[in-house]
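Peer 1: Once you have looked at the hints, place chain D on chain B.
Protein chains: 2
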Amino acid sequence: MIRKTRLFTPGPTPLLPAAQFAMAAADIHHRTAEFRALYQRVLDQLKTFVGTKNDVLLLASSGTGAMEASVSNLTSPGDRVLVLSTGKFGERWTAITKAFGCEVDVVSAPYGQTFSLDEVRKALKPETRAVFLQATESSTGVRNDVQGVAELLKKANSNALLVVDAITGLGTTHFDVDAWGVDVIIGGSQKAVMIPPGLAYLSVSDRAWEAMETSRNPRYYFDLRKERKNAHKGESSYTPAVSLIAGLGAALDFIAAQGGGDLAAGRKALVDNAETCAAMTRAAVEALGLKLFAPVSPAAAATAVLPPAGVDSGVIVKELKSRFGAVITNGQGEMKGQIFRVAHIGLFDYMDTIAIIGALEQVAASPLKIPGFQFGHALAAAQKVFAETGSSAKKETAEPVGAR
Amino acid sequence: MIRKTRLFTPGPTPLLPAAQFAMAAADIHHRTAEFRALYQRVLDQLKTFVGTKNDVLLLASSGTGAMEASVSNLTSPGDRVLVLSTGKFGERWTAITKAFGCEVDVVSAPYGQTFSLDEVRKALKPETRAVFLQATESSTGVRNDVQGVAELLKKANSNALLVVDAITGLGTTHFDVDAWGVDVIIGGSQKAVMIPPGLAYLSVSDRAWEAMETSRNPRYYFDLRKERKNAHKGESSYTPAVSLIAGLGAALDFIAAQGGGDLAAGRKALVDNAETCAAMTRAAVEALGLKLFAPVSPAAAATAVLPPAGVDSGVIVKELKSRFGAVITNGQGEMKGQIFRVAHIGLFDYMDTIAIIGALEQVAASPLKIPGFQFGHALAAAQKVFAETGSSAKKETAEPVGAR
Chain B
768 MIRKTRLFTP
778 GPTPLLPAAQ
788 FAMAAADIHH
798 RTAEFRALYQ
808 RVLDQLKTFV
818 GTKNDVLLLA
828 SSGTGAMEAS
838 VSNLTSPGDR
848 VLVLSTGKFG
858 ERWTAITKAF
868 GCEVDVVSAP
878 YGQTFSLDEV
888 RKALKPETRA
898 VFLQATESST
908 GVRNDVQGVA
918 ELLKKANSNA
928 LLVVDAITGL
938 GTTHFDVDAW
948 GVDVIIGGSQ
958 KAVMIPPGLA
968 YLSVSDRAWE
978 AMETSRNPRY
988 YFDLRKERKN
998 AHKGESSYTP
1008 AVSLIAGLGA
1018 ALDFIAAQGG
1028 GDLAAGRKAL
1038 VDNAETCAAM
1048 TRAAVEALGL
1058 KLFAPVSPAA
1068 AATAVLPPAG
1078 VDSGVIVKEL
1088 KSRFGAVITN
1098 GQGEMKGQIF
1108 RVAHIGLFDY
1118 MDTIAIIGAL
1128 EQVAASPLKI
1138 PGFQFGHALA
1148 AAQKVFAETG
1158 SSAKKETAEP
1168 VGAR
Chain D
768 MIRKTRLFTP
778 GPTPLLPAAQ
788 FAMAAADIHH
798 RTAEFRALYQ
808 RVLDQLKTFV
818 GTKNDVLLLA
828 SSGTGAMEAS
838 VSNLTSPGDR
848 VLVLSTGKFG
858 ERWTAITKAF
868 GCEVDVVSAP
878 YGQTFSLDEV
888 RKALKPETRA
898 VFLQATESST
908 GVRNDVQGVA
918 ELLKKANSNA
928 LLVVDAITGL
938 GTTHFDVDAW
948 GVDVIIGGSQ
958 KAVMIPPGLA
968 YLSVSDRAWE
978 AMETSRNPRY
988 YFDLRKERKN
998 AHKGESSYTP
1008 AVSLIAGLGA
1018 ALDFIAAQGG
1028 GDLAAGRKAL
1038 VDNAETCAAM
1048 TRAAVEALGL
1058 KLFAPVSPAA
1068 AATAVLPPAG
1078 VDSGVIVKEL
1088 KSRFGAVITN
1098 GQGEMKGQIF
1108 RVAHIGLFDY
1118 MDTIAIIGAL
1128 EQVAASPLKI
1138 PGFQFGHALA
1148 AAQKVFAETG
1158 SSAKKETAEP
1168 VGAR
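In order, the protein sequence lines correspond to chains B and D. Mind the numbering: the first sequence is residues 768 to 1171 in my numbering, read in order. Mind the numbering: the second sequence is residues 768 to 1171 in my numbering, read in order.
Excised from the complex, chain B in its bound form (with noise of 0.2 Å):
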């Protein structure tokens, strides 16, 4: 049969149509007032996105590349940070930070498992610089407590700035960001924000700034500060990848749409979106006897899957591909061919979601041969679960995507 190739991945995400076409029309050169307009739009957009009144930066990079700029902007060789590992991604916040010199305490948490808030207070010093997390862990498909982290350094008068990693966390999970006293979050452009790969973005509150003062890590190309200044100006420090921010723009548009024009309610609407879609495939995968490998704190981004026993995930990844063109993201490092990971983050819908779960019943009947298997009866679960959920939510105002 003909196979639609098709992302299910954790990042990128699939492509928003209205975004490709602002990609390819944006023959548009960077010191002009043409981008300078657009950029502004993008950086203001990007604020009620994230939901903070705080500066929000893009930077032509990866994620990683937002990460490293956290730490080489707000911490000096010697300082001592506290990273709250729960995953690859928690792992990378322990290289990049003793890369730039830090004394590093690690918490950490068993792959699929979260940390105890408990062990972050007992671990938490009074010199404690930085503390590092991820909102969503997608390797492991975990939701760490950022909430949580928040409150506890403010009761424990801690200084410490609280840097989240919500690159699959934006778009997935709610955030009060200013509220709560998250001092960045950081974001990707080939996340919930629908593009292809090359942006990072981030929120950078008052007190962050000022930590800024008196870092003294060494950094060119991620100087936040240079950053602000320019960006307040319409400009980028460096050459901007304008096609994606022509796309973002676009993008953060479709968002607001699906809010009935309000950015923020359509943030709300696309969290709710990726959890409607996750809560499907959770209850799907369970009916199909399969145990889930984050089922204490699921994340909306992507669902994490045990395999049966004694099967290799990566047979699943390469079903899912052969057979309906469906890809989706076997475990990471050692992870490997111990998981498997459907995403939910950004442009899928009920079509998507139900196809995928067909799939994956496909391939349960053959090859894995699950004891017992039933055709129906884990889309029978999804059905349920999206009657119950999905189309009992507030009445739709947005047109659907590509409607003319």
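Treat the hints with care, since some could be wrong.
Chain copies aren't distinguished; within one or between two, either way the pair holds.
Derived DSSO-like pairs (lysine-lysine); straight-line CA-CA distance at most 27 Å [as the list claims (entries may be wrong)]:
#, residue 1, residue 2
1, 921, 892
2, 771, 1088
3, 771, 1035
4, 1035, 1088
If you are wondering where the hints come from, they were derived from the structure by calculation, not from laboratory data. In this text, all values refer to a predicted model and were calculated from it rather than measured experimentally.
Peer 2: Only chain D this time, still in chain B's reference frame:
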């Protein structure tokens, strides 16, 4: 939730991305060597796609234009012709032949049924100049027996020309045009070849070319002899729809890829694909307790379904669009409100098909509240059909659409 617009309509059908890109790039003049090379290549590919050694011509028109061309080029005022009518498009043959002054005999079947060959035999007269029919009547979801009619004409030693509207039949039905003796067979761009409306194509037999020498109906834009003369030089008589032709070339390349690089095999794969999607849909619909409108001779192009008693089919059309972004079609003319139609022609795959069935289940649950409804039953019926037929097809050779 997010809802992507998805066409499940029997024309226009979903666009092939590679064809969209080719159309966007087609910034060429039509009286150049570059265009002539493209045109010649596409005309050659079309012969293979249609499965004929006869000339195939392209017209900048809808399919109806090619229907008119076959009438105006092959008949004269006062000619007796036979129309085999099984729905709205059969009625169009009657209207066109009458408009060109023919004396029209009609064998018609009630909507949802096909004609009997016995009736055709009885209606055929020694002086019948041409027989006009649809391969598949997309207004009712019926498949007609083109091969049976062709054999009947041969056995009857009839001189009648056989003219087949296969606008939704090509790519959803197996034909052996030359062996059967089909004189004219007509296709349209917005159907199995996955590009927008605006092009029609038709193959013309030697017998038909001869017949044109004596036909006296007026024609200018649709003068097929002139068009053939120009086509042999790689030209069109009038300004061709250049971007659509470029898109058609890309689409035919894609169809060839479905056959491992062999366009004839790709055509067969495309028909099998539609058959599998249709069989899944029919099984699901019956599992829902709904009745097929054309149960005896269903077309693979589209499945027509009767709504539950007392329900206007427009409700189902509207629910699928507003809640899932899925566009299906209502009945045409007096069938409006009486049936709904889900298409399988062109770029549909397993994922599309299982998704539309899932959405249909949601509508069956609410607002239809079909008695005895259970989530997963219709999906399971479709899953079993796919497991038995779709996945047992010979090893896939083509890469998924859009694979990099």
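Peer 1: Failing hints, ascending?
Peer 2: Violated hints: none; all satisfied.
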